[in-house]
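Spelled out from the first residue to the last, the chains are:
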Amino acid sequence: MPATAPQTMIGQANPTAILFFVAFVISTLLITWWAAKRTRTTKDFYAAGRSVTGLQNGLALAGDYMSAASFLGIAGLVSTKGYDGLIYSVGWLVGWPIIMFLISEPLRNLGKYTFADVVSYRLNQRPIRAAAAAGSIVVVLTYLIAQMVGAGTLIKLMFGLPFELAIVVTGCLMISYVLFGGMIATTWVQIIKACLLLGGATLLVVLTLNQFNFSYGNLFSQAEKLYTNKFLEPGGLVTNPVDAFSLGLALMFGTAGLPHILMRFFTVPDVKAARKSVFYATGFIGYFYILTVTIGFGSAVLVGQKIIMGIDKGGNMAGPLLAEALGGNVFLGFLSAVAFATILAVVSGLTLAGASAFSHDLYVGVIRRGQASEKDEVKVAKIATVGLGFTAIMLGILFKGQNVAFLVGLTFAIAASANFPALLMSIMWKKFTTAGAYLSIYTGLIVATVLLILSPTVWVDIVHKADVQAVEKAVKAIEEPMKAKVADLEKQKVPGLDPAKVAEIDASIAAEKKAVEPQLKEAKSQMPKAIFPLKNPGIYSMAAAFLIGILASLLSPDKVAEAKFEGEKLREYIGIGAED
Amino acid sequence: MSSIAKKTAHEILEDPDFKALVSKKNTISIILTVLELVLYFGFVGLIAYNKPFLAQKLNEGGSTTIGIPIAVMTIVISWILTMVYIFWANSSYDSDVKNVKDKIIGG
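Those sequence lines, one after another, are chains A and B.
According to the working numbering, the first sequence is numbered sequentially starting from 1.
According to the working numbering, the second sequence is numbered sequentially starting from 1.
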């Protein structure tokens, strides 16, 4: 470690972390072994036999949703950018009430194992299952890559393990949980993780607030003293209003279109438990984000931005550093192990959702036209689990060192545009047709992906990264000699100098600045521009998906589907015929 | 589904109790969804168009800005809305569903 680095044990083998982590792995593998004996039918494998209670599912939903990226990332964002980090944390929560009011109960009553069951309920199975599976698999893969790369980086930062090894360990554990224990094991991994994460974060917040006499006022006034009042105000994160609304839409409705979240509603026995689970999940997740924001502000004050950003520019280590400062090596070890457990729970949920799209939708629904034995279906689901797991490991290693933050944005944009509109229209709208459904899904998928690639996030920051750097270099080359001259002139302005002379110097400074202006303008005009101006495509891709879904449905009226809506309504509202 | 059940299904659909149940459920869902949208996009709107409002201090001489409790309240109120829904569903919707179901099974 270089001599200038701050004193921290982060990045070194921490016996406590290893101990906690091994304990977590052993107990989850024991649970998997126990779950494996209870996993015989498709209902067990995909839906934990529909025996999960409302509270358990609420915890598991929270465990599925609270990723290490949001725990470490939001705390880091708050510690480095202050209020702007808080804006994000609000966006991550607001999708949950929407799930409650519009999605959760119809989903439970109409579906069996995947949300494609619901979309295709009264329509032609094959085209819709193919489209919905495409939407699910793209969402699962993009989110998995983001999580895997994040996992490798974080584990390397925290434990000092090589990136590749970290990814292989994560991948193998995730495959074991899903392969042997199906939804039962996955659910329990998520429940344990949610409890550990909520407990660990609560303890960290109590220790933090203890330093401020349990007063948020004290915390904020110290933060203001250190980082000025700008730290407690909205800053530069949101500049373009349309972009802000677009991001908000993607976060809100993307949550309601994530296949691994939607899948959890098939694990409860009835709608009562479904709605209860959203209520608990919303409470846990909201509480968690309030804790995370507190951890962010606390670490900015108690650890300091300089140290946090010295370890990791993005501030991802703010939470662990704070834990180390307040609870020593033991607490750091505990929190690092919790972060690892957090990653495992999220990727397991994703893998199961992806595998079910392959087996239940593509294999049984499309290839076998609904005619396959349970045994075959579970077998294909298990093959898909292994395939998806290895794909995730390979992609994670392939994307090493890449900027994958945009993938989270892409995941939510696609979920909000491909999955959510089709799901909502199938539940609500009698005249929705097969063509409307699959065209809406493909439109959302393609428009969101293409616009994101053409957006500043990818087109400028990733595709034309070299050009941006070249322009920045050219600008610097023009500015630096000018700045040096200006600095020299400024030095001549000694106190007590004749005012006329000062004015003369000021004029020369202005002239120097003016002289390089055309050159600067010329250099800056070379800056690559995004073809699509917004960073977040959600507003356009969602609108396109709804529009195409409505137009295609109106142009292809389907009397049979309309008639079937009656049966769907009975099942949707009062649960007649719902899967038990 | 047998043809007898289908006929019954159609009859239930025409049943005023069932129709009332559906329209009540949709009304509640839509009202709460709109409230949530107003709540969140109101917050986003403040960030987009009125940053100085959020930057005001909560108390004279204090440091906490109005924006902080507003953000936290957005989270808390979202949760309270889910509580409102669950309270309505548990107390009113479930018993309506039971009534309609009894009609079908009990004839």
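Hints were generated in silico from the structure; no laboratory data involved.
Cβ atoms here follow ideal geometry from the backbone N, Cα and C, with glycine treated the same way.
There's no promise every hint is true.
[What the hints assert, rightly or not] In silico DSS-like pairs for lysine-lysine, Cα to Cα no more than 25 Å straight-line:
(1) A:Lys-514 <-> A:Lys-473
(2) B:Lys-98 <-> A:Lys-564
(3) A:Lys-272 <-> B:Lys-98
(4) B:Lys-103 <-> A:Lys-272
(5) A:Lys-431 <-> B:Lys-98
(6) B:Lys-57 <-> A:Lys-272
(7) A:Lys-564 <-> B:Lys-24
(8) B:Lys-51 <-> A:Lys-272
(9) B:Lys-24 <-> A:Lys-430
(10) B:Lys-103 <-> A:Lys-559
(11) B:Lys-57 <-> A:Lys-112
(12) B:Lys-51 <-> A:Lys-564
(13) A:Lys-564 <-> B:Lys-57
[As the list claims (entries may be wrong)] Partial selection, computed: residues in chain B whose CB lies under 7 Å from chain A:
(14) Val-34
(15) Ile-47
(16) Ala-48
(17) Leu-54
(18) Ala-55
(19) Ile-75
(20) Ile-80
(21) Tyr-85
(22) Trp-88
(23) Val-97
(24) Asn-99
(25) Val-100
(26) Lys-103
[Claimed, not checked] Have a look at the derived ranges for each label pair, beta carbon to beta carbon:
(27) A:Ser-556 <-> B:Lys-103: 28 to 38 Å
(28) B:Phe-87 <-> A:Ala-578: 20 to 30 Å
(29) B:Leu-35 <-> A:Lys-521: 47 to 57 Å
(30) B:Asn-50 <-> A:Gln-469: 52 to 62 Å
(31) B:Lys-51 <-> A:Arg-369: 37 to 47 Å
(32) B:His-10 <-> A:Ala-578: 54 to 64 Å
(33) A:Thr-41 <-> B:Phe-87: 32 to 42 Å
(34) A:Pro-518 <-> B:Asn-50: 53 to 63 Å
Checked hints:
1. A:Lys-514 <-> A:Lys-473: holds (20 Å)
2. B:Lys-98 <-> A:Lys-564: holds (23 Å)
3. A:Lys-272 <-> B:Lys-98: Roughly 13 Å separates the two Cα atoms, so the pair holds.
4. B:Lys-103 <-> A:Lys-272: holds (21 Å)
5. A:Lys-431 <-> B:Lys-98: violated (28 Å)
6. B:Lys-57 <-> A:Lys-272: violated (43 Å)
7. A:Lys-564 <-> B:Lys-24: Status holds; Cα separation ~22 Å.
8. B:Lys-51 <-> A:Lys-272: violated (41 Å)
9. B:Lys-24 <-> A:Lys-430: holds (18 Å)
10. B:Lys-103 <-> A:Lys-559: Roughly 28 Å between the alpha carbons, so the hint for B:Lys-103 and A:Lys-559 is violated.
11. B:Lys-57 <-> A:Lys-112: violated (51 Å)
12. B:Lys-51 <-> A:Lys-564: With Cα atoms ~50 Å apart, B:Lys-51 and A:Lys-564 exceed 25 Å; violated.
13. A:Lys-564 <-> B:Lys-57: violated (57 Å)
14. Val-34: violated (10 Å)
15. Ile-47: holds (5 Å)
16. Ala-48: holds (4 Å)
17. Leu-54: holds (5 Å)
18. Ala-55: At about 4 Å, which falls below the 7 Å cut-off, the nearest Cβ of chain A leaves the hint on B:Ala-55 intact, so it holds.
19. Ile-75: holds (4 Å)
20. Ile-80: violated (9 Å)
21. Tyr-85: Holds: closest Cβ of chain A sits about 6 Å from B:Tyr-85, inside 7 Å.
22. Trp-88: violated (10 Å)
23. Val-97: holds (5 Å)
24. Asn-99: violated (10 Å)
25. Val-100: holds (6 Å)
26. Lys-103: Violated, because the Cβ-Cβ distance from B:Lys-103 to chain A comes to roughly 10 Å (cut-off 7 Å).
27. A:Ser-556 <-> B:Lys-103: 28 to 38 Å: holds (36 Å)
28. B:Phe-87 <-> A:Ala-578: 20 to 30 Å: holds (23 Å)
29. B:Leu-35 <-> A:Lys-521: 47 to 57 Å: This hint holds: roughly 49 Å between Cβ atoms.
30. B:Asn-50 <-> A:Gln-469: 52 to 62 Å: 36 Å Cβ-Cβ, so the 52 to 62 Å window is violated.
31. B:Lys-51 <-> A:Arg-369: 37 to 47 Å: With Cβ atoms ~56 Å apart, the hint is violated.
32. B:His-10 <-> A:Ala-578: 54 to 64 Å: violated (19 Å)
33. A:Thr-41 <-> B:Phe-87: 32 to 42 Å: Because 36 Å falls inside the window, the suggested range holds.
34. A:Pro-518 <-> B:Asn-50: 53 to 63 Å: This hint is violated: roughly 38 Å between Cβ atoms.
In summary, the numbered hints that this structure violates are 5, 6, 8, 10, 11, 12, 13, 14, 20, 22, 24, 26, 30, 31, 32 and 34.
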